[in-house]
Every structure is written in structure tokens, then in C-alpha cells.
Amino acid sequence: MSVGSRLAKALNNGSFAVTGELGPPKGAGIDQLKHHAEVMRNHVEAYNITDNQTAIVRTSSIACGAVLVQMGLEPTIQIVVRDRNRIAIQSDVLGAVALGIKNILCLAGDHQKFGNEPQSKGVYDIDSIQLLKMLKDLRDERVFAGGDKLEGEVDYFLGAVENPFADPFEYRVDRLEKKIKAGAGFIQTQCIFDLERFKKWMELVRERGLHKKVKIMGGVTPIKSMGAAKYMKNNVSGITIPDSLIDRLRGAENKKAEGLNIAVETIQQLKEIEGVAGVHIMAIAWEEVVPEIVERAGLYPRPQL
Amino acid sequence: MIIAKRKPLDQIMEMLAPYNQICVLGCGACVTVCMAGGQKEAEELAALIRIHRKKENRNGRVESFTVERQCEYEYIDQVLERLKGFDIILTLACGVGPQTLVEHAADLLVLPGVNTTSMGYPKEQGVWVERCLGCGDCILHLTQGICPITRCAKSILNGPCGGSAEGKCELGQDIECAWHLIHDRLSALGCLDNLSEIQPLKNWSVSHHGGPRTTVREDVRVERGE
Ligand code: SF4
Chain A
11 MSVGSRLAKA LNNGSFAVTG ELGPPKGAGI DQLKHHAEVM RNHVEAYNIT DNQTAIVRTS
71 SIACGAVLVQ MGLEPTIQIV VRDRNRIAIQ SDVLGAVALG IKNILCLAGD HQKFGNEPQS
131 KGVYDIDSIQ LLKMLKDLRD ERVFAGGDKL EGEVDYFLGA VENPFADPFE YRVDRLEKKI
191 KAGAGFIQTQ CIFDLERFKK WMELVRERGL HKKVKIMGGV TPIKSMGAAK YMKNNVSGIT
251 IPDSLIDRLR GAENKKAEGL NIAVETIQQL KEIEGVAGVH IMAIAWEEVV PEIVERAGLY
311 PRPQL
Chain B
73 MIIAKRKPLD QIMEMLAPYN QICVLGCGAC VTVCMAGGQK EAEELAALIR IHRKKENRNG
133 RVESFTVERQ CEYEYIDQVL ERLKGFDIIL TLACGVGPQT LVEHAADLLV LPGVNTTSMG
193 YPKEQGVWVE RCLGCGDCIL HLTQGICPIT RCAKSILNGP CGGSAEGKCE LGQDIECAWH
253 LIHDRLSALG CLDNLSEIQP LKNWSVSHHG GPRTTVREDV RVERGE
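The listed protein sequences derive, respectively, from chains A and B.
Read in order, the letters of the first sequence correspond to residues 11 to 315 in the numbering used here.
Read in order, the letters of the second sequence correspond to residues 73 to 298 in the numbering used here.
Please note that the accuracy of each hint is not assured.
To be verified - Below, computed lysine-lysine pairings styled on DSSO-like, alpha-carbon distance capped at 30 Å:
1. A:19 x A:209
2. B:126 x A:209
3. B:126 x B:112
4. A:234 x A:191
5. A:240 x B:195
6. A:240 x A:265
7. B:126 x A:131
8. B:112 x A:234
If you're looking for bench data, these hints aren't it; they were derived computationally from the structure.
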């Protein structure tokens, strides 16, 4: 565990941790990102900063993370293996540490085909599990991937994602175990809309005792409109939204209010599931509702760390 | 085999515009089998070029013939003199063909008539699938014959990624998730354990990323001129 990370502390002291998510803009003006960070200041332990999410060019996640550090907030920078090889990633991680960043989330990343540079060359030098292992070895063994020695020390809290809604279903737990072995200290899951499937997955996780080896944070996204629900269902890889949920939203007069209700209820249920150590709220383009969700879910005030 | 596809006719006509003595050169190897650049395709393309040029009132000569393998000097030698009588050779071989021609006879001028797409096989009539990237360090023993370097869009070694759904890759319904296939195959063979170990970082230096590769077999080499 990383000594400096607030997120690690929150997860390890048994409180149900809360993290938010910020998407850097398609430009260098980050006032809005800073504003959104301020909005959640008292409601989350840390903020994921996405790394060119859905393969769309955006301001660097490490740069935005450094700005958050200056604001006295704690970023979790995401690193995808799509755009950088092992040389660039290790170099960027050292830079991130130098800038005061303490949490790193390792992902594969959406294929470049989905973004705004579909003609680009995908790097994929390493995969997300190898990324974890490489960064664990850099921290714990102080060696680079190529075997060279690191000068001095680095410290960070390593996380990974897992998608209980992807296939093959049974293998998703094996894969979680592999990520723990590779160095994941915390796991954030894909957005949970299908609670039944999530519960089934958690059962398998508990059978193997994996919830004791890693801190699992359930991913929650408030749905803003029917359009957003349909978009996610059909266009975002790795997300499943059950028809019953779509129907519930369709039947509701005020979609936004119902979207929030669903998010709050999901968190309340997650709190009851053994082995779930926190929630990761992804309210991209709807950041201002995070405080309300956290409060209504009974997670406010946040513990003093 | 190597799979190729003929370039769009517009592009071919445009490339040929400055020339009058045109040879459409087929290859008897892979491109014959994948119906992109064998004798038949070379003749057809030559006929199309003639029609096009007639419409444009261009004089000149368009001929077609085929070399058994454009990627070997000894076969090129059989037609070399004939090739020298043209001012351009539109080759329908894979990308290796035109390069072998000019390395062997620097005064030949070549144009590519096909786009070389992949190494693979015909899955059904008219459908060729990619199966090998030539990464230089085969791992098919780990996956029992399914290559994730080639068939997974992210070349993942510890798959599948979070985008895999119902056996399909996140790239689309027409692409199978290689790691789903690997999982199912190993599971059926009772060796799912193969996947529990973390596969280490791949050595890409033996692939094209290490620079163009020369394969040497000392035991079969002959000194030139001997
Ligand atoms: S869905 Fe499967 S094939 Fe596609 S990128 Fe992910 S692991 Fe590779």
C-alpha cells in the first residue's frame, strides 16, 4: 500500500470510500475541470482523471492531475496502453510521481477505432495486466521493465478496472485474481446497471476470498436521459443496461430525477454487499450532481483522514 | 499464404497515365490462390486498361504475363529480357514482388497493382482471414493454436479485455474476440490453467519493431560464385 495515498487510507480504514471522475477537455482551458473538482471537494476521496477516454484526444491526464494536486486534491490518473509503449509509460509515471500524483489506474483503453483519430497506429506494446506488474515491480523491486535499476524510490497506489458484465462471465473472476497478482491494490468496476449480475460476480469473488486481497469499488453512473441510456447501451463497449431499467426510466416523468434515484439506490445496495469497499461515481458531463448522490446515499460527511 | 486485394481501378489508371508500354505482371504464388494477381487477374486487368486507354485515345501497348514466383531471382531471370521492353511494370504480386524485381534489376520501373493485406487463409469462398503477423516469437503453444497477437485488436497477452461481449470483440459484431475463443478452447481441453499465469511483456525486438528482419540459416548458405 502506498503511504501517501488518501484513497488507500480511506479504503483500508474500513470506511466506504467514494471517488469521482473528471474528463479532461478537448482543449487546454481547464477552468471547468477545476470547477467540477471543487464541486465534489468535500464528497470524494479522489478523482479519476481519464486518459484520452474513448480514444478522443484530450488534455493529458497527468497534466490535469498535477493541477488537482496544486488545488490540494487527490487525483487518480488513468493510464491506457493504447497510446504509449513501455518507455513512455514508465517515463510518464516517474513524472507523475514527481508532480505529486499518488494513485494510478491501469487500463487497456478503448480501441482507437472509436475515437477521433481512427487512422492512428495503436501501440499496445503491453497489456493492462502487464502494465500493473511493470508498475508494481518499478515500485517494489525498483526495476524498470527492461531490468535496469530505478534511481531512488517511487510510491503510488495501483488500481485496475474489471468488467463483471463482459464475457466470458466465469473468467472475469479469474481475471480479477490475475490483476491482484499483478499488483492491483484497488479495483473499480465498469458501471453497474445490472445489479443481479454484479451480485453473482461478487459471490464468485467471495468464494475465492478475493475481496480480502483487494479493495473493490463499484462503478456507478447516473443516467441523465433516455438518450444517454440508449447511447451507453448501444455504443459504449463493455456496458450492459437491462431492459427493465430502460423501462423504468421510460415510465418516469422526470428522467433526470429517476436517473439520480437509480444511482442512489444502486449505491445503497452496493453498501450492503459483502466485499464492496466503496463506490466510484462516474458522472461525466453531469458532475454537479455528485454531492447530492453522495449525500442521499448516506455517505456524507466523508470521514476525516 | 499472403493475401492481397487489387487496388481500385481509378488509382491504377492514374498511376499508369504517364506510361505507354505497360506490362501487367502476375505472380503464380499466393496472389494466384487468393485471386488477386494470378494469370487470370493479370489478363483481366490488362483488358480493362486497354479499354480505358482506348477511350482516352492513348496509343501504346498493354501486355500481361505471369511469373511463377515474383519473389525469387531465378524466376524473374526467366522473363527479365522481356520485362526490359516495357516502360512500366504493374505488378500484381504481394509487396515482396515489386521489391524483388527492382533489387534484382534496378532499371525496371514498377507500380503496385494490389494492396497486400495479410497472412491468412480462405475461410470460405471469397473470404480471407488474417491469422499471423509474423511477430518472430510464436506463442501458439500457450493458446492451443489461436493467435492473440494477430486476432486480438489489442494484441493482448493476458486477455480478454473488458470490451469482450458474447464472444465478439469490442471492435464489432463481425469480429470474434480472440480471447473468448482461447478461453473456450482451453476450457474444453481442460487446460484453462494455462491462463492463470501472468504472461510477461512481449519481446517485440524480434518482430518488425526491431527493424527489418533478415533470416539467416548458415547451414544452407552457399557463397555466391562458388
Ligand atoms: S474484445 Fe477480445 S479480441 Fe477484442 S480487443 Fe478485447 S480481448 Fe482483444
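Each hint, compared with the structure:
Between residue 19 of chain A and residue 209 of chain A the CA atoms are separated by roughly 26 Å; this keeps the pair inside 30 Å, and the hint holds. Straight-line distance between C-alpha atoms of residue 126 of chain B and residue 209 of chain A comes to about 72 Å, which puts the hinted pair past the 30 Å bound. For the suggested pair residue 126 of chain B and residue 112 of chain B, the alpha carbons sit about 21 Å apart, so the restraint of at most 30 Å is met. For a cut-off of 30 Å, the pair hint linking residue 234 of chain A to residue 191 of chain A is broken: about 37 Å separates their Cα positions.
This hinted pair does not check out: residue 240 of chain A and residue 195 of chain B have alpha carbons roughly 35 Å apart, beyond 30 Å. For the hint linking residue 240 of chain A to residue 265 of chain A, the alpha-carbon distance of about 13 Å falls within 30 Å, and the restraint holds. For the hint pairing residue 126 of chain B with residue 131 of chain A, the CA-to-CA distance comes to about 42 Å; that exceeds 30 Å, so the pair is violated. A threshold of 30 Å between alpha carbons decides the hint, and for residue 112 of chain B with residue 234 of chain A the separation of about 59 Å lies outside it, so the pair is violated.
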